[in-house]
Amino acid sequence: MHVNVKLYSIFRLEHPDYDVEEGLKVNLEEESTIMDLLIALGIEQQRVAMVNLNGKITRDKSVALKEGDVVQVFPFFGGG
Amino acid sequence: MSKMIRVDMTKGTVHYEPLNQELEAFGGRGLIAKILNDEVDPGCNPLEAENKLIICTGLLAGTPAPTSGRISIGSKSPLTGTIKEANAGGMAGYMLSRLGVKAIIVEGKSTDDGWFILKVGKDGAVLLPAGEYVGMRNYDLTEKMRTDFGEKVGVLSIGGAGERGYWNSTIQITDTRGRPSRSAARGGLGAVMGSKGLKAVVLEESGPPEIPYHEKELFNTANKNYIAGIKAHPVSGEAMPALGTAVLINIVNALGALPTNNFSAGNFGDAEKISGENLAKIQGERGGKENQPCQPGCPISCSNIYHDENGRHLTSGFEYETIALNGSNCGINDLDTIAMIDRMCDDFGLDTMETGTTIAVCMEAGKAKFGDGKAALGLVEEMIEGTELGKIMGNGTVFAGTKLGVKRIPVVKGQSIAAYDPRALKGTGVTYATSPMGADHTAGNSILEQSVTPTQKEGQVQVSTNLQVGMATFDNLGMCIFSGFCTEDPANIGYLLEMMSGRYGGEWDPDRLFTLGIKTLGLEKSFNSKAGFTEKDDALPEFMYTEKLPPTDSVFDIGPEELSGAVPFKED
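So the protein sequences, as listed, match chains A and B.
For what it's worth, my numbering labels the leading residue of the first sequence as 1211, then goes sequentially.
For what it's worth, my numbering labels the leading residue of the second sequence as 55, then goes sequentially.
What the hints contain is simulated information worked out from the structure, not anything from laboratory work.
Possibly wrong hints are sitting among the right ones.
To be verified - Straight line, CA to CA, 30 Å or less: simulated DSBU-like cross-link-like pairs of lysine-lysine:
no.: 1; chain 1: B; residue 1: Lys335; chain 2: A; residue 2: Lys1235
no.: 2; chain 1: B; residue 1: Lys602; chain 2: A; residue 2: Lys1271
no.: 3; chain 1: B; residue 1: Lys206; chain 2: B; residue 2: Lys278
no.: 4; chain 1: A; residue 1: Lys1276; chain 2: B; residue 2: Lys327
no.: 5; chain 1: A; residue 1: Lys1216; chain 2: B; residue 2: Lys285
no.: 6; chain 1: B; residue 1: Lys511; chain 2: A; residue 2: Lys1271
no.: 7; chain 1: B; residue 1: Lys335; chain 2: A; residue 2: Lys1216
no.: 8; chain 1: B; residue 1: Lys602; chain 2: A; residue 2: Lys1216
no.: 9; chain 1: A; residue 1: Lys1235; chain 2: B; residue 2: Lys511
no.: 10; chain 1: A; residue 1: Lys1271; chain 2: B; residue 2: Lys206
no.: 11; chain 1: B; residue 1: Lys343; chain 2: A; residue 2: Lys1216
no.: 12; chain 1: B; residue 1: Lys327; chain 2: A; residue 2: Lys1266
To be verified - These stretches of chain A come out as covered by chain B in the derived footprint (C-beta under 8 Å, 3 or more residues):
no.: 13; segment: 1215-1223
no.: 14; segment: 1253-1260
no.: 15; segment: 1279-1287
No residue lacks a Cβ here, since even glycine has one placed at the ideal position from N, Cα and C.
Required output: the full structure, derived from the provided sequences and hints.
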């Protein structure tokens, strides 16, 4: 299955060929979880503060993904 | 013993005096709260002689402690009627501490509408006639000051907004390149300085300060470890150096808390265009810069330099709050337009945050359309020119909104809400409601808090209280709150305690450290109470309790009884 990944902050800087409009299309095995996706992206899970799955915030990385999901991945943040 | 300078603008006198032991125990925001409680009638008119303006440094000023050069400025605020402390980076705190001065108290009011400059140097402090500086904007003024007083001066100044007495007026502070891009922005402190007839304070270069360490080795070792802690933290060591505070645009948008069209939505379709990531990309192409220190020696360096499309400097210190409140909150998706507003505000001495929310209420009143960047620039120009509408806007969001008949006015205690909609970030909402400062993004922002879901009701009062104590403590140290992210690791708190022992002696434990924040909040609440504020004032604007915020459809549902449990501190 394919999911569409949007990267933010330093994760985007670490992927210099990242396309803002398109995001990343990632091919995963069926029933893969957010954790599996992070492994496929090479992003260590302890660096991820928050994931937005189809418009909803989640911090549970064991959630299973399905075809066409949009996954936004955020590192830790703060400031103001 | 530290020194302070007392400037009597009525008599035109300046003299040095020692701080007593009680005042020595405080720094920055705490010192301001103590002096205002001791010396100013909370019921006073903020723009008359009886109010005082206090400019001071923190407890670790003058040491190599990272980010310890913050300058705190405080007074009774003309915007809110409450006590006010606004702190900023830049050169002022660093230079004042090198001059061996912990505080400047400006009191009285110059007679015959005369304007003055206070010059502080190694050999003393003196009031000089402001002459041709009167009427100058901050960029021209600071340039002329470097010519007249030397390239290395640090400057605090007011622009036209402060001279004219706008309740939305700042005191601008020069940055490491001499530009007036840092700002003690909130609460109209520029008008207080202007009401006294003080146009600027110029700080002359002097040698390194003589700091009486109790145990210098202990301080130095702990300080090195603390700096390593800041650099090892993913936010202060990685995200902020790379992308600055503007990194928050996409994040707060994803949380559904990005103010959009006068706080009518939490999600902006064009967030990506005004994001920190896009800002870094554009500035990379134009020769602007990320990763700039706003004060000497900062290990985070989250400031920036913004170039226009011709590659020329347009503004510096272009931050998240400015971008969100003048961008998405006005429906504006063009960074160059927002950067121009930032430049105009720094130059004329307007708080960019209060300005953004004021423009948005004007848009809601039909004075311009949401998304119309040219019209927004025109509204700022009206404030600068001093047209009838401009003068109304110059007194801030609640004044303008009320005059124009707007019902949805996003303020608490007269100060406009920062760039996090509290319905989708409820811990910050508790802080907005209960901070003695009014709605404030530096008083205890729960965007930092990863343990509580932002839209849940439970636990937010405690989250806000803990954060407010932590922030008020850092505001006593005179350190930037961004240098405190690493204190989530207790080892780093340990280093901070050793730094305090090394500097001041005695046993320091977390209780003693955070008592600084608790005492400060107590003193501030005491001042506000005597100024007539009650628990009824600890509330968000009505529409935020009833109007659902898309896309989370959340309302603010933490009632007065629960809010009364936040910051339960009292000092007499």
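Against the earlier hints, flag every one the structure doesn't satisfy and list their numbers going up. Going through the list in order, the structure violates hints 9 and 10 and respects the others.
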